[in-house]
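Could you put together the complete structure from these sequences and hints?
These are the residues of each chain, in order.
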Amino acid sequence: MNNSPLHLVLAKLGIITVGEVARKTVTFGDPEASKGGLIWGIVSVLLIFSIWSLAVANEWASAIFLPPPSEVVSQFWKIATDGFRGSSLWEHLGISLYRLLVGFILGCLIGIPIGFGMALSKVVRGFFDPIVEFMRPIPPLALIPLSIIWMGIGNGSKIFLLFLAALWIMVLAARAGVEGIRLSKIHAAYTLGASKKQVLLRVILPNALPEIFTGMRVAMGVCWGTLVAAELVGADAGIGFMITVAGKFLETGLVFVGIILIGIIGAAIDVSMRKAEALMIPWKGKV
Amino acid sequence: MATGLHIDKIGMIYQLPGGGEVEALKDVSFHLDKGEILTILGPSGCGKTTLLNIVAGFLVPTSGTASFYSEQISGPSTSRQVLEPLITGPSPERGMVFQQGALFEWMSVAENIGFGPGMKGVPKNEINTIVEQYLETVGLQGFGNKAVYELSGGMQQRVALARCLANEPELILMDEPLGALDALTREKMQGLILKIWNETGKTIALITHSVEEALFLGQRVFVMAPRPGRIEKEYRLPYAQRGVNESLRDIKMTDEFSQTREEILSMIWEMEEEIMGRQE
Ligand SMILES: Nc1ncnc2c1ncn2[C@@H]1O[C@H](COP(=O)(O)OP(=O)(O)O)[C@@H](O)[C@H]1O
Ligand SMILES: [Mg+2]
Numbered sequence: 006m007n008n009s010p011l012h013l014v015l016a017k018l019g020i021i022t023v024g025e026v027a028r029k030t031v032t033f034g035d036p037e038a039s040k041g042g043l044i045w046g047i048v049s050v051l052l053i054f055s056i057w058s059l060a061v062a063n064e065w066a067s068a069i070f071l072p073p074p075s076e077v078v079s080q081f082w083k084i085a086t087d088g089f090r091g092s093s094l095w096e097h098l099g100i101s102l103y104r105l106l107v108g109f110i111l112g113c114l115i116g117i118p119i120g121f122g123m124a125l126s127k128v129v130r131g132f133f134d135p136i137v138e139f140m141r142p143i144p145p146l147a148l149i150p151l152s153i154i155w156m157g158i159g160n161g162s163k164i165f166l167l168f169l170a171a172l173w174i175m176v177l178a179a180r181a182g183v184e185g186i187r188l189s190k191i192h193a194a195y196t197l198g199a200s201k202k203q204v205l206l207r208v209i210l211p212n213a214l215p216e217i218f219t220g221m222r223v224a225m226g227v228c229w230g231t232l233v234a235a236e237l238v239g240a241d242a243g244i245g246f247m248i249t250v251a252g253k254f255l256e257t258g259l260v261f262v263g264i265i266l267i268g269i270i271g272a273a274i275d276v277s278m279r280k281a282e283a284l285m286i287p288w289k290g291k292v
Numbered sequence: 030m031a032t033g034l035h036i037d038k039i040g041m042i043y044q045l046p047g048g049g050e051v052e053a054l055k056d057v058s059f060h061l062d063k064g065e066i067l068t069i070l071g072p073s074g075c076g077k078t079t080l081l082n083i084v085a086g087f088l089v090p091t092s093g094t095a096s097f098y099s100e101q102i103s104g105p106s107t108s109r110q111v112l113e114p115l116i117t118g119p120s121p122e123r124g125m126v127f128q129q130g131a132l133f134e135w136m137s138v139a140e141n142i143g144f145g146p147g148m149k150g151v152p153k154n155e156i157n158t159i160v161e162q163y164l165e166t167v168g169l170q171g172f173g174n175k176a177v178y179e180l181s182g183g184m185q186q187r188v189a190l191a192r193c194l195a196n197e198p199e200l201i202l203m204d205e206p207l208g209a210l211d212a213l214t215r216e217k218m219q220g221l222i223l224k225i226w227n228e229t230g231k232t233i234a235l236i237t238h239s240v241e242e243a244l245f246l247g248q249r250v251f252v253m254a255p256r257p258g259r260i261e262k263e264y265r266l267p268y269a270q271r272g273v274n275e276s277l278r279d280i281k282m283t284d285e286f287s288q289t290r291e292e293i294l295s296m297i298w299e300m301e302e303e304i305m306g307r308q309e
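Which chain is which? The protein sequence lines are A and B, in order.
Going by our numbering, 203 is the number at position 198 of the first sequence; the sequence numbering is gapless.
Going by our numbering, 202 is the number at position 173 of the second sequence; the sequence numbering is gapless.
Hints were generated in silico from the structure; no laboratory data involved.
Note that the structure is predicted; figures quoted are calculated from it, not measured.
C-beta: ideal position from N, C-alpha, C; glycine also.
Warning: the hint list may mix true and false statements.
List of simulated lysine to any residue pairs, SDA-like, C-alpha gap at most 20 Å [stated by the list, open to error]: (1) A/K291 - B/L81; (2) A/K291 - B/L45; (3) A/K190 - B/K153; (4) A/K291 - B/F172; (5) A/K190 - B/E292; (6) A/K289 - B/G130; (7) A/K190 - B/G182; (8) A/K190 - B/L81; (9) A/K289 - B/V151; (10) A/K202 - B/E179; (11) B/K153 - A/L206; (12) A/K190 - B/E179; (13) A/K201 - B/A209; (14) B/K149 - A/I191; (15) A/K40 - B/L180; (16) A/K291 - B/V151; (17) A/K289 - B/Q129; (18) A/K202 - B/Q129; (19) A/K291 - B/G182; (20) B/K175 - A/A283; (21) A/K291 - B/A209; (22) A/K291 - B/V273.
Here are the in silico distance ranges between beta carbons for each label pair [claimed, not checked]: (23) A/P135 - B/N154: 49 to 55 Å; (24) A/D35 - B/E261: 24 to 30 Å; (25) A/D35 - B/R307: 45 to 51 Å.
What the simulated footprint calls covered on chain B by chain A, stretch by stretch (three residues with Cβ under 8 Å from a Cβ of chain A suffice, anywhere in the stretch; the number is not a length) [what the hints assert, rightly or not]: (26) 122-129; (27) 145-155.
Shown next as structure tokens:
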């Protein structure tokens, strides 16, 4: 048996196993068996870049359709240092993230209390039921034109749109979180002398946190997609705006930079929310 | 009125959503003295949980009354409060241990046990003392900082018991508290419940599906029958008292114990048969 750093790295990649490993004879159909293939992720990324480079080198497509990877990298450096259309890349990204966060947080701040109200009160439930049932199936993208008519192409219309996109998701998540409680927990709290307020803050709220967090992750994903789409349709700044303009001038390298950044940021948001979830709600899934 | 739980001609009729009604309890009356331990047996659907929920104050019966006469009419003489015996809602003087899943997963073991005192505004350091004391009572010293989901089912029920005790209820209600445990753990927990009953002198009412458990733990045993839910037969038994000093195994071996057990078993068996017959 060998525990050298090289062995550990190879083991991490899933190429070899280190130490004694219990072997299962049934692997096909066992979800555990498909874990640990990090090496294949590296292979797939390398493969994509090789095909891309090969396509460019053999001129399978013109540079307008498919710029070489080097062009994408240099475009990235250019806008990262010189900026694009009067604003630096960081300003475009910053404005997009600002709209995302403000819209999302507003959606949470208003959606979560409404969801709690709907799960806890007949009046609130009855009042919001028709509104929620009507608004929920409308894709946020369908509201883009209206948001532009009402509020123009600046921050306001984007924030309003993302607020709506997050709102209904958070209402439903918070409501499901409250309704999912085991009644015996509520009963236990009352027999232990808790007041309604204490039951709300010490029992109902923490019990709903896992659902709320799941809702927040979904809402973040939807908001990010909606924001980019809204910036593509009509905006004065932002990462979506940047790639629309670049597209109009056939600056394909820049379009690629934008797409890659959008993907990376979206993934980074989801990963960090999952980390935060694991940190804040260690009991999730263990009940 | 003597102190204790007084149940007077309770009836409970549930309206079913699709129309029709279920008579879950009919004309149930009894008095449970302070310090007595009662176990309740019966086929499922005979109204055991309904009865316990009425005593806990979660449900109001459709007829009759449940009252709990406690001794304390105390408090500082300036704000002399007379405790209202009629049960109208949950109260800290009537604690409940649920089957499982009623612990708060977002709190540590210690926070769960200290929940009741915390609600009353007991200072932090006093709560810590209380928590330590009850961790010891249920044999979980050193587990205070654990998360509840890290514990086995038996340990979780110990925490539930400690959480209930830490709130110092006068009456402890338990709805199949050991139902989900394996046989060995169950036996240990039965011993623990007897020990606590003996040491604290609390009044206890416990629902169980196991006839043996009912005999071990019940000074008084109610066998309930369904449709309408009622108390079919009551026993007064010596085993709970004896179990404080003798081993439960030895008691189980005695002839009288197995006789009573067989008698109750066949009674419940017949009820179950009848239920099955009616459904067919
Ligand atoms: N909320 C309810 N609505 C309608 N029927 C109920 C309700 N709760 C219990 N019941 C009925 O009342 C009867 C007694 O139930 P329960 O007290 O839970 O019995 P046990 O605990 O002995 O199994 C059963 O027939 C059950 O179906
Ligand atoms: Mg029951």
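Hints and how they fare:
1. A/K291 - B/L81: violated, 29 Å
2. A/K291 - B/L45: violated, 34 Å
3. A/K190 - B/K153: violated, 23 Å
4. A/K291 - B/F172: holds, 18 Å
5. A/K190 - B/E292: Not satisfied, since the Cα-Cα distance of roughly 37 Å exceeds 20 Å.
6. A/K289 - B/G130: holds, 14 Å
7. A/K190 - B/G182: Cα-Cα ~16 Å, so holds.
8. A/K190 - B/L81: Within the cut-off at roughly 16 Å; holds.
9. A/K289 - B/V151: violated, 30 Å
10. A/K202 - B/E179: violated, 29 Å
11. B/K153 - A/L206: At roughly 19 Å apart (the allowed maximum being 20 Å), A/L206 and B/K153 satisfy the hint.
12. A/K190 - B/E179: Given pair A/K190, B/E179 holds - Cα atoms ~18 Å apart, limit 20 Å.
13. A/K201 - B/A209: violated, 30 Å
14. B/K149 - A/I191: Answer holds: B/K149 to A/I191 is near 17 Å, not above 20 Å.
15. A/K40 - B/L180: The given pair, whose Cα atoms are some 28 Å apart, is violated under the 20 Å limit.
16. A/K291 - B/V151: Roughly 31 Å between the alpha carbons, so the hint for A/K291 and B/V151 is violated.
17. A/K289 - B/Q129: holds, 17 Å
18. A/K202 - B/Q129: violated, 24 Å
19. A/K291 - B/G182: holds, 13 Å
20. B/K175 - A/A283: holds, 17 Å
21. A/K291 - B/A209: Judged against 20 Å, a Cα distance of about 17 Å means the pair holds.
22. A/K291 - B/V273: violated, 37 Å
23. A/P135 - B/N154: 49 to 55 Å: Hint holds: Cβ distance 52 Å, inside 49 to 55 Å.
24. A/D35 - B/E261: 24 to 30 Å: violated, 51 Å
25. A/D35 - B/R307: 45 to 51 Å: holds, 46 Å
26. 122-129: holds (count 5)
27. 145-155: The restraint on the region 145-155 of chain B holds, since 3 of its residues have a Cβ under 8 Å from chain A and three suffice.
Violated hints, listed in ascending order, are 1, 2, 3, 5, 9, 10, 13, 15, 16, 18, 22 and 24; each of the other numbered hints is respected by the structure.
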